[in-house]
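All chains, full assembly: derive it from the sequences and hints.
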Amino acid sequence: MESNHFAPPVGMAMPTYPATYQRNTHRLALPYLNRTVMVSVDDIVYLEGEGNYTFIHTRDRRKYLVSKTLKEFEKTLDNGIFIRIHKSNIINLAYVQHGVFARDRVIRLADNRELTISRRRMHQITQLLVNYQDELN
Numbered sequence: 001m002e003s004n005h006f007a008p009p010v011g012m013a014m015p016t017y018p019a020t021y022q023r024n025t026h027r028l029a030l031p032y033l034n035r036t037v038m039v040s041v042d043d044i045v046y047l048e049g050e051g052n053y054t055f056i057h058t059r060d061r062r063k064y065l066v067s068k069t070l071k072e073f074e075k076t077l078d079n080g081i082f083i084r085i086h087k088s089n090i091i092n093l094a095y096v097q098h099g100v101f102a103r104d105r106v107i108r109l110a111d112n113r114e115l116t117i118s119r120r121r122m123h124q125i126t127q128l129l130v131n132y133q134d135e136l137n
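If you're matching positions, the sequence shown starts at 1 in our numbering and goes up one per residue.
A hint or two may mislead.
As a list, the in silico PhoX-like pairs of lysine-lysine whose alpha-carbon atoms are at most 20 Å apart [unchecked claim]:
#: 1; residue 1: K63; residue 2: K87
#: 2; residue 1: K68; residue 2: K87
#: 3; residue 1: K87; residue 2: K71
#: 4; residue 1: K87; residue 2: K75
Please keep in mind that the hints were generated in silico from the structure rather than gathered at the bench.
In C-alpha cells, the structure reads:
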C-alpha cells in the first residue's frame, strides 16, 4: 500500500494562510508535564481564557494549559492572524471555516468547533474576516 506523505493525520485541521505569510517562524515555549514543549504558532487553532490561565488548542486536538492570561497572548501574537472574538477566545483566522452571522453569532473553525462572537465585536470581526478572505484570493 502506497502512503501519501502529504496527507494530514486523521482529525487534524488544515489552515489556510495568505501566500505572503511566513509560516513556521514563531514558536511558543509551553511548560507541560515537567518539561517544555515547543508549539508552532501556526498550529494554534484558538486560545481560551480561564481567569489567569489560558488553554491553547492546537490543530492536532491537543490542549495545553498555560499560566498566562489571554490578554498577555493578545499582545504577543500576530494581530493579522489572531483576533479576539470574545472576552474568553482568540482565534487563528487561518482555521476559520466560515462564520454564521445571524442571531447565533457563531464562527466555525476547520476542526468543526464553534465559538461565539461577542456582540460588541461583531462588526469589527466581520470586517477582519472579509479582509482576510480577500488576502487569500
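(message) I'd like to know which numbered hints this structure contradicts. Please list them from smallest to largest.
(response) none
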